[in-house]
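Make a model of the complete structure from these sequences and hints.
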Amino acid sequence: MKNKKKKQGNIEKGKLYKLVMNLEFDNPTENENFKSKDYEGLVDSAIKRVPNTFHKCLYGGSVLGEAAPLYQFLSYDVATKRGTPQECCLSIYFLPGRLLFVIEGKHAVITGGSKGIGRCIAEQLLEEGCKIVSIIARDLEALEKAKKEILQLGFEEDSVKIYSCDLNSGQKIIKDLIEKIIADSGPIDLLINNAGTCIQNSFDELPEDAFEKQMKTNFFSAVYMTRAILPQMKERRCGHISFVSSAAGQCAIWGYSAYSPSKFAVRAFADVLYMELLPYEIGVSVLFPPNTATEGFDEELKNMPEQVRQISNSAGVFPLNKLPQH
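For what it's worth, the numbering used here labels the leading residue of the sequence shown as 1, then goes sequentially.
Among these hints, one or two may not hold up.
[Stated by the list, open to error] Listed next, the in silico DSS-like pairs over lysine-lysine satisfying Cα-Cα at most 27 Å (straight line): (1) K115 <-> K216; (2) K234 <-> K213; (3) K213 <-> K175; (4) K180 <-> K145.
[What the hints assert, rightly or not] Cβ-Cβ distance ranges computed for the label pairs, FRET-style: (5) P207 <-> R138: 16 to 22 Å; (6) P187 <-> W254: 40 to 46 Å; (7) E276 <-> G129: 24 to 30 Å.
Worth flagging that the hints you see were computed from the coordinates, not collected in a lab.
Beta carbons are placed, not taken as given, at the ideal position from N, Cα and C, and that holds for glycine.
Next comes the structure, spelled out in structure tokens:
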């Protein structure tokens, strides 16, 4: 009677090695066809080798959410730091922690940074030693005012760069802008996708263009900014991308049928990037601010429907100066 081949989960060890090597698209090995059950076996094996998975889920999300970072260990380049890829795949006993990102000496790009949350984040980054903060916004006058006031806090003249751009202008405009920013100040280490707008009302009373407008500004601008900046981060295998979503990106709220989906999209996009970029040691994070004391929120209050106002009043308003610390 022939000995059965040893399996790792529901996949043979030898095939596990080949599958893992093929997952690293930069250095694929020999061509081989893999079936869906092979991938299922890989995930099943990974989950089984993580201790206390369900206990961790109380803090980290779903089982797949906990297992997703294991892709980092299945990357050829990451694996070579600890041994062979095969040894790495067969010796997974813990999940990686959050990638450490040191702000000091870095070049950061912030969208929607002339006012409110973006402006406050820019100041906080400089306080923590960021070398250059490149701020993008539509209103040039507001940008110049923000730069002047930030420099009055005692930062060096060259530490703040400003760029006027409508991020709804399309991917080519954004790509050209990023090339200029890199030419001016060097590689970008940190991207903060903060640009956003909010229009609220009951679904049938919202302007017809409210849905497209908010999806363009809140979601697609972040997608295009990330696509423009990511290649140079992947090439250097370092960096961090942060997204400013919203409490409305975690739970649906009455009156936000156009705004909330755009912020949920940001959250989903960030979750996918987190998994895909771990092998490149590029971190991804999301901020979910509640009602925050900004000029933008003051504008919202002027036209806020009564139902939304009642919900908003029950939540209170978060101090702006506390937000960047989170």
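With a cut-off of 27 Å on the C-alpha distance, tell me whether K234 and K213 pass. violated, 30 Å
Going straight from one Cα to the other, do K115 and K216 come out at no more than 27 Å? Given pair K115, K216 holds - Cα atoms ~20 Å apart, limit 27 Å.
Would the pair K180 and K145 pass a check requiring their Cα atoms to be no farther apart than 27 Å? Holds. K180 to K145 sits at ~22 Å (cutoff 27 Å).
With 24 to 30 Å as the target window, see if E276 and G129 comply at their CB atoms. holds, 29 Å
A range of 40 to 46 Å was offered for this pair. Does it hold for the Cβ distance of P187 and W254? Distance hint for P187, W254 holds at roughly 44 Å.
Would the pair K213 and K175 pass a check requiring their Cα atoms to be no farther apart than 27 Å? holds, 20 Å
Could you check the hint for me, namely that P207 and R138 are 16 to 22 Å apart, CB to CB? holds, 20 Å
Hint 2 from the list above is the single one not met by this structure.
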